Amino acid sequence: MLTKKSNSVTLNNKRLKDKIFPYAMVAPSVIIFTLFAVYPFLMGIYISFFRWDGLSAMQYVGTQNYSNVFIDSDYWTALKHTFFYAFFVTVGKNVLGFILAKLMMDLVFAKGFFRTITYMPVTFSYVVCGMLWAWIFNPTFGLLNNFLSLVGADSLIMGWLSDPKVAIYSVMWVDIWRWAGFHMVLYLAGLQAIPKDYYEAAEIDGAGPVSKFFKITIPQLNSVIVLNILMAVTGALVSNYDIVNVMTGGGPFGSTEVALTYIYRNAFEFYNLGKASAMSVILFGLTLIFGAIQIFSMTRDENYDS
Amino acid sequence: MLKKKMALLLSAALVAGAAMTGCGGGDSSGGDAAGDKELTIMAASMRLESMIDGWNQMITNFEDANEGVKVNLTMQGEWSEIPQYLAQARMAGQTVDFVRTSGGVIRSTLAPSGALMDITDTMAPYADRFVEGTLDNYTVGGHLWGIPYGETTTSCVYYNKTMFDELGLQEPKTLDELVHCADVIKEKKGIKNAWIHQGAIVDYWQMWFEEAYGQTSGHESIAKAEDWLSGNSSFVNDETVTAFAKIRELFDRGVLTSDSLDTDDTAMKALFAQQQAAMFYGGTWEYAPTLEIVDGAFEIGVFLWPSLGEGMSAQACGAADDGFAVASNCNKDNWDLIAKFLDHMTNEESANLTLGPIQPIIPVIKTVPPVDLPCAQEMVSFMPDTIMFLDWLWPSEINNTLGNQIAGVTAGHITPEAAAQAVQDTYEKLVRENDYSYNWYDKWTEDQWAEVTPPAK
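If you read the sequences in order, they're chains A and B. Here our numbering is used: the first residue of the first sequence is 1, the next is one more, and so on. Here our numbering is used: the first residue of the second sequence is 1, the next is one more, and so on.
Rather than coming from a laboratory, the hints here were simulated on the basis of the structure. Treat the numbers as computed from the prediction; the structure is a model and nothing was measured. Don't take each hint at face value.
Subject to a maximum C-alpha distance of 25 Å in a straight line, what follows is the list of computed DSS-like cross-link-like pairs (lysine-lysine) [as the list claims (entries may be wrong)]: (1) B:Lys70 x B:Lys340; (2) B:Lys37 x B:Lys340; (3) A:Lys165 x B:Lys192; (4) B:Lys429 x A:Lys80.
Selected chain B positions facing chain A (in silico; Cβ < 7 Å) [what the hints assert, rightly or not]: (5) Gln84; (6) Ala115; (7) Gly254; (8) Asp259; (9) Asp262; (10) Leu271; (11) Gln275; (12) His344; (13) Ser396; (14) Glu397; (15) Asn404; (16) Gly408; (17) Ala411; (18) Gly412; (19) Glu433.
In this text, a Cβ means the ideal position worked out from N, Cα and C, and glycines have one as well.
Based on the sequences and whatever the hints tell you, model everything.
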């Protein structure tokens with residue numbers, strides 16, 4: 001009887017442990033995520049209703065910070081730059097990544113070497129990339145202008161980071177350059193997974209290269225394209241602070257000011273934490289809406305019909 | 001089973017670690033720790049090893065003279081980041097007794113926020129240790145919010161004297177003479193930038209505006225800026241517009257090129273040292289590093305900005321910089337010790353230990369000897385024509401707008417009038433959004449004053 005009861009208790013303990021085990025496993029992640037993501041996010045929303053410089057007492061101002069943001073033309077200009085940046089960087093990373101992947105597929109020698117050097121910039125930090133290219137773009141002793149001068153292309157020499165009309169494209173190029181290798185790897189995996197039979201069958205039917213590209217390659221790569229674009233857009237929208245800050249600091253004449261640099265400036269240079277939080281909440285909302293539309297439109301079942 | 005136990009153990013360790021990371025901190029210097037007293041100094045990073053050694057020795061001397069006292073010196077980041085670190089410390093409930101940052105941050109950010117103690121009475125017995133007028137830079141509304149603890153600076157134009165002599169050029173006194181010098185240098189030496197500017201750093205454009213505005217306002221820029229910041233006048237007027245226009249003229253007439261918009265201090269000095277540029281604008285703080293990088297390759301000279309127009313004359317900018325202040329989240333129970341430390345750090349021995357390594361051209365503490373360098377005396381002679389940096393008066397939003405607008409004006413994207421209007425718009429935004437008041441101390445409540453007033457003895 002005692003043994004039976006003891007067995008029952010052991011069984012109950014085991015069941016309890018089995019129930020607890022998965023929660024215990026995810027607990028560290030949940031706690032860390034709550035402490036470092038959820039809590040600061042909620043605090044950000046809370047602070048957005050206050051006037052606060054981080055040093056003196058917080059002063060409740062209701063939705064005034066939001067009203068201030070809505071009439072702040074600098075913020076909307078920075079936001080416009082952000083979406084402009086995100087669009088062109090997404091296109092650039094994917095087009096270049098795809099072209100590189102195709103070239104790697106067709107490469108007959110030193111494949112490993114070229115794949116490694118193409119991927120290498122991904123392993124560099126934004127600060128390193130930014131500094132490196134800032135020196136290359138330097139108007140007086142930068143490699144680029146000196147090279148252009150050497151090959152007689154003086155008409156192409158320009159203030160890559162000092163001309164307000166050009167600076168944002170220079171920064172976007174560095175972002176594209178850094179991530180193209182990463183997107184190349186994804187496209188390469190996708191391209192290698194397409195059965196060769198499809199192309200052979202299409203050739204027998206008389207399909208040309210363009211037809212094969214649009215009728216076979218693109219549809220077969222759809223899921224890879226969705227993944228690549230999602231990652232590129234998200235990265236370009238919310239991860240451009242480092243590179244802009246290192247290369248131009250938002251200048252010249254605010255021509256490279258993106259939402260994140262403007263929010264940072266408001267928070268930590270102007271010490272207007274309430275307004276900066278309101279800007280962050282608005283940016284979050286816009287990114288959420290934009291992301292939802294994108295996911296909805298790009299992940300419909302019909303996109304995956306073979 | 002073993003794997004499961006290990007996994008649980010790891011999870012527990014992670015949870016505990018995360019909890020400690022997230023919730024740790026607390027009061028690290030709250031005063032009595034096992035009967036001992038602590039003082040905490042939050043300082044911006046120091047540029048010279050010898051300065052750090054001097055500070056450590058000064059602190060050791062204080063600890064030796066005061067048994068049971070420990071002074072914690074933490075150094076991190078730039079001057080401009082100190083308010084951010086101080087805010088973090090306040091949020092975490094940590095005590096910070098002293099902050100070392102720039103005088104501009106003390107005047108325009110920390111004091112108006114109530115983050116500093118009013119040390120007027122505390123420093124009164126030691127006021128005569130400072131060079132006359134230097135404490136004025138830290139006095140706002142009749143109250144002293146910090147002390148200068150570095151050197152007094154002034155601005156000037158550095159030039160390659162050897163090259164000027166070789167080309168038969170004199171120090172330019174007028175804009176026309178400056179343009180002539182630039183033309184000759186470019187033609188004879190085949191270099192693109194006769195004058196290179198560290199325009200990638202926004203603060204330096206603000207200083208250019210200050211130089212130009214000092215001239216166009218007839219040396220009344222401080223008074224006029226105060227009047228404007230008090231809401232009694234507009235920034236859009238002939239003098240400010242002309243100041244923007246004069247800066248643009250330097251570009252239009254080929255003294256500078258757009259290369260200066262993307263050049264930082266390192267690149268600027270490198271170009272000067274390589275004789276790819278013959279002039280650059282800086283201050284006394286640039287002199288020693290420039291001498292080092294030029295390494296005797298040519299002789300360096302200095303001159304004040306030339307006159308930008310008829311009836312105008314140069315006015316340099318500078319201040320008694322490297323500020324030191326008492327934070328209002330200090331341990332007020334330790335006030336006697338705080339006052340004792342202020343006395344200690346400004347005495348002859350300590351000042352020489354900490355400020356001697358800077359090799360000041362114009363010291364702020366009388367007992368620190370000035371360094372004897374070739375152009376030092378000439379720079380000292382600029383002091384009567386030097387006024388306090390305007391960005392010590394106005395908030396960083398104005399500074400940022402000014403820097404951006406000058407880049408826009410020089411690149412031809414906006415007119416000088418539009419640039420002045422943008423600065424005025426920024427001021428109005430500050431008033432609307434932050435209830436900005438230049439005379440912030442007049443608006444303070446009794447509670448706010450009580451928070452920053454030292455305890456009675």
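message = Going through the numbered hints above, which ones does this structure break? Give me the numbers in ascending order.
response = Failing hints, ascending: 7, 11, 12 and 18.
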